[in-house]
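Participant: Sequence:
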Amino acid sequence: QDSNLLTMKTSILCVVVFAASAADAATKVAVLEFGKGGVVRRTTSKRTSTTVSGVTSLWNGVHARSNKAQPASMTMVPDLFNKADGGLVLGVSGSGVDLDSMPAMSKLVVAEGGNVVGHMDIEGSHCDKLMSKVGGAEQVDPTDLLSSAKRETTSKGLSALTVNVSGNNVSDVDSQLESLINSLEKHTADSESTFVLHIVLEEEEGAARRHQLSRRLDEAEANEEERKLEEDAEEDGDGNDDGGNNKQDGYYGYGYYDANGVWTTPYKTMFQIQYFNIVLWTSVVLVLVLSFAIFLVTDMPLEADTLLFGESAKMVGGD
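With mature numbering (1 follows the signal peptide of the UniProt record, and there is no 0) applied, the sequence shown corresponds to residues -25 to -1, 1 to 294, in that order.
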């Protein structure tokens, strides 16, 4: 009985340790767009946390792999009409992954601007699972990362490469990634195409814990700032009810007050778009029908042997 109790305690301890380590690990996804662009759209959502299905739904939409619905409140959405000419999912994992030792990688997966459209964060280690969703992921050596990625840029659709980072090759991976960015910029400029690079970074547990704490502090500050802005907007809206109501109707709440104090937004809700199209095309059809009817009436032939003409002739003859 003592041995069974000891085994049970050991199993429970292992499960707790595994769950704690899984919670500490984190997977970051950065989306970079090269060339003509316009295939990935940034939303106003500041919530970067998502799931594996959320990331894959974005990939499927950007690269026309399927029309599966995307979860709400994501930081990025695929364009409805424009699709990427090519794409690459680059999975980076291993014990040597640490953003503090990878300045080029850190600039891509943390900051926005330039070619970076946005980021997504998934709690836990999900690099392998995400790569399996793409299919056919090739494991490459860090020194061959640039050449392998260049080969994939010539193919259509979405391809995948994975690289394992250790303490000895972390600088090689970072420099190869920087060279890859420069190569993609040149390739898309010469070919006048659009290429999307998806970087999937699985952080080491200790580093992930530090960055998770930093990200939560940043999110708390952003939420506090957003709350203050909303309070200021409510105070401003007390003196202008119409402006406040229009602001609530605005798409994502984005807009401005014009010189007359009226809330103005360049966006339209789905109801406004549908209503505009219904009124527009109904008016066009009615105008066309009315014009055609007037044309038929004005061009109507008047024959002399009509019934009305005959009766009039009889009346004249009888007199």
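No wet-lab data here; the hints were simulated from the structure.
Cβ coordinates follow ideal geometry from the N, Cα and C atoms, glycine included.
Check the hints yourself; a few may be wrong.
Claimed, not checked - Here are the simulated DMTMM-like pairs of lysine to aspartate or glutamate, each with C-alpha atoms no more than 25 Å apart in a straight line: (1) K161 to D149; (2) K58 to D96; (3) K21 to E205; (4) K58 to E98; (5) K243 to D274; (6) K104 to D119; (7) K125 to E167; (8) K11 to D165; (9) K11 to D60; (10) K43 to D103; (11) K21 to D147; (12) K108 to D119; (13) K125 to E87; (14) K82 to D119.
As the list claims (entries may be wrong) - Per label pair, the in silico range of CB-to-CB distance: (15) V27 to Y231: 33 to 43 Å; (16) T273 to Y231: 30 to 40 Å; (17) N252 to S81: 45 to 55 Å.
Participant: Give a verdict on every hint.
Facilitator: Status of each hint after checking the structure:
1. This hinted pair checks out: K161 and D149 have alpha carbons roughly 19 Å apart, not beyond 25 Å.
2. Restraint check: the Cα-Cα separation between K58 and D96 comes to about 24 Å, which is no more than 25 Å; the hinted pair holds.
3. Straight-line distance between C-alpha atoms of K21 and E205 comes to about 15 Å, which keeps the hinted pair within the 25 Å bound.
4. For the hint linking K58 to E98, the alpha-carbon distance of about 29 Å lies beyond 25 Å, and the restraint is violated.
5. As the CA atoms of K243 and D274 are separated by approximately 44 Å, the hinted pair breaks the 25 Å bound.
6. At most 25 Å may separate the alpha-carbon atoms for a hinted pair to count; K104 and D119 meet this at roughly 23 Å.
7. Taken as a hint, the K125 and E167 pair is honoured in the structure, with Cα atoms around 16 Å apart against an allowance of 25 Å.
8. Annotation: proposed proximity of K11 to D165 holds, straight-line Cα distance about 11 Å (limit 25 Å).
9. Our distance criterion of 25 Å between C-alpha atoms is met by K11 and D60, whose separation comes to about 10 Å.
10. The straight-line distance between the Cα atoms of K43 and D103 is roughly 21 Å, inside the 25 Å bound, and the hint therefore holds.
11. Annotation: proposed proximity of K21 to D147 is violated, straight-line Cα distance about 33 Å (limit 25 Å).
12. Taken as a hint, the K108 and D119 pair is honoured in the structure, with Cα atoms around 23 Å apart against an allowance of 25 Å.
13. Between the alpha carbons of K125 and E87 the distance comes to roughly 24 Å, so the proposed pair stays at or under 25 Å and holds.
14. Using a Cα cut-off of 25 Å, the hinted pair K82 and D119 holds, with the two alpha carbons roughly 22 Å apart.
15. Between V27 and Y231 the beta carbons are some 38 Å apart, a value that agrees with the proposed interval 33 to 43 Å.
16. Against the hinted window of 30 to 40 Å, the Cβ-Cβ separation of T273 and Y231 comes to about 51 Å, which falls outside the hint.
17. Here the CB-CB span from N252 to S81 is close to 46 Å, well matched to the stated 45 to 55 Å.
In this structure, the hints that do not hold are numbers 4, 5, 11, 16, in rising order.
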